[in-house]
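K.L.:
Please arrange chain B on chain A, whose structure you already have, making use of the hints.
Protein chains in written order, with our numbering: chain A, 210 to 382; chain B, 210 to 382.
No lab work stands behind these hints, which were simulated from the structure alone. Incorrect hints may appear among the rest.
To be verified - With a straight-line cut-off of 25 Å between C-alpha atoms, the simulated PhoX-like cross-links for lysine-lysine are:
#1 B:K259 to A:K318
#2 A:K259 to B:K239
#3 B:K239 to B:K360
#4 A:K318 to A:K360
#5 A:K360 to B:K239
#6 B:K318 to A:K239
#7 A:K259 to B:K259
Protein chains: 2
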Amino acid sequence: MTVEVQHPLNNVDIAAVGALVTAIQEDPAKAHTTWAAHVTWTGGFGSEAKVRAFAPVPSDEPTALGGGDSAPNPVEQLLSALGNCLAVGYAANATVAGIRLDRLTIDLKGDIDLHVFLGLREGHAGFDTITATVRLDSPAPRADVEALHAKVIASSPVGHTLGAAVPVRVDLA
Amino acid sequence: MTVEVQHPLNNVDIAAVGALVTAIQEDPAKAHTTWAAHVTWTGGFGSEAKVRAFAPVPSDEPTALGGGDSAPNPVEQLLSALGNCLAVGYAANATVAGIRLDRLTIDLKGDIDLHVFLGLREGHAGFDTITATVRLDSPAPRADVEALHAKVIASSPVGHTLGAAVPVRVDLA
Chain A
210 MTVEVQHPLN
220 NVDIAAVGAL
230 VTAIQEDPAK
240 AHTTWAAHVT
250 WTGGFGSEAK
260 VRAFAPVPSD
270 EPTALGGGDS
280 APNPVEQLLS
290 ALGNCLAVGY
300 AANATVAGIR
310 LDRLTIDLKG
320 DIDLHVFLGL
330 REGHAGFDTI
340 TATVRLDSPA
350 PRADVEALHA
360 KVIASSPVGH
370 TLGAAVPVRV
380 DLA
Chain B
210 MTVEVQHPLN
220 NVDIAAVGAL
230 VTAIQEDPAK
240 AHTTWAAHVT
250 WTGGFGSEAK
260 VRAFAPVPSD
270 EPTALGGGDS
280 APNPVEQLLS
290 ALGNCLAVGY
300 AANATVAGIR
310 LDRLTIDLKG
320 DIDLHVFLGL
330 REGHAGFDTI
340 TATVRLDSPA
350 PRADVEALHA
360 KVIASSPVGH
370 TLGAAVPVRV
380 DLA
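Here chain A stands alone, though its shape is the one from the complex:
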């Protein structure tokens, strides 16, 4: 008995995605989604982020940066979010295309010059570039995998948020 007989392809609930697509085609306003997170500072460089009903996720900085080193830091969380978003993209688009994924890993890295964060210079405090290397095992032909890759790049919410200049407004209440 193969995995395919027991589970839907890639274990993706493609019917739910199809139902959402149909609902949006009938009422485009349903494509407008709002997402939220609530962060509480916990002292030092520690904080935690609460999303919906999930347990708060902790954040901290490495000791060299003055933190308690108890959790991934915010820029590592940003890279994680990008990798997780790309993973959803591959799973969704592969399933729609009938491509089986046997394994998928994404290694992400990026460089930051700390001068601006530390107040030693004005300018860009963020990542200069971000790179992701995708390793994907699949019985599909390489050309199909490359077409899948192109679709994922063209439709990644986190990837596009990072790659474009998105207005970020931070208000002091």
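P.N.:
Here is chain B on its own, set in the frame of chain A:
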């Protein structure tokens, strides 16, 4: 006995930050930092992100998007990363300025039009705008808090990564 007698201001290890600043002033190359995350797809729309030696952090999508709804999704993680980064910025800059923080929360939200993610349209798949509302309790004068706020906005690594168009390269190995 006050909190200040028992703990450093805001519980921030400002000596560690100062040592890093001194080290970078002596050798600017030390400001160049590289950060990484490693994402593994776990089936369906689930994945987990591994950072350094920390336990993997899970990711999933809501049921309506075809996921198992077991964890915050990537765009919520992105908002969380921004909030956590701003929290570090407030804690660091407040401590340097001698401002005591009694409480700090940051509520983040952003809108995404799902058309591009779902392959129904080409264009920008990411957040259109992101807003963060900062609530900060401190005995400091409002003008000092506003100056603190300006410093944080000017130096946030995640904020600047989102607000600028950062080159994102995703390679298929």
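K.L.:
Give a verdict on every hint.
P.N.:
Going through the hints against the structure:
no.	hint	in the structure
1	B:K259 to A:K318	holds (12 Å)
2	A:K259 to B:K239	violated (33 Å)
3	B:K239 to B:K360	holds (22 Å)
4	A:K318 to A:K360	holds (22 Å)
5	A:K360 to B:K239	violated (38 Å)
6	B:K318 to A:K239	holds (18 Å)
7	A:K259 to B:K259	holds (19 Å)
Violation of the numbered hints given earlier is confined to hints 2, 5; the remaining hints are satisfied by the structure.
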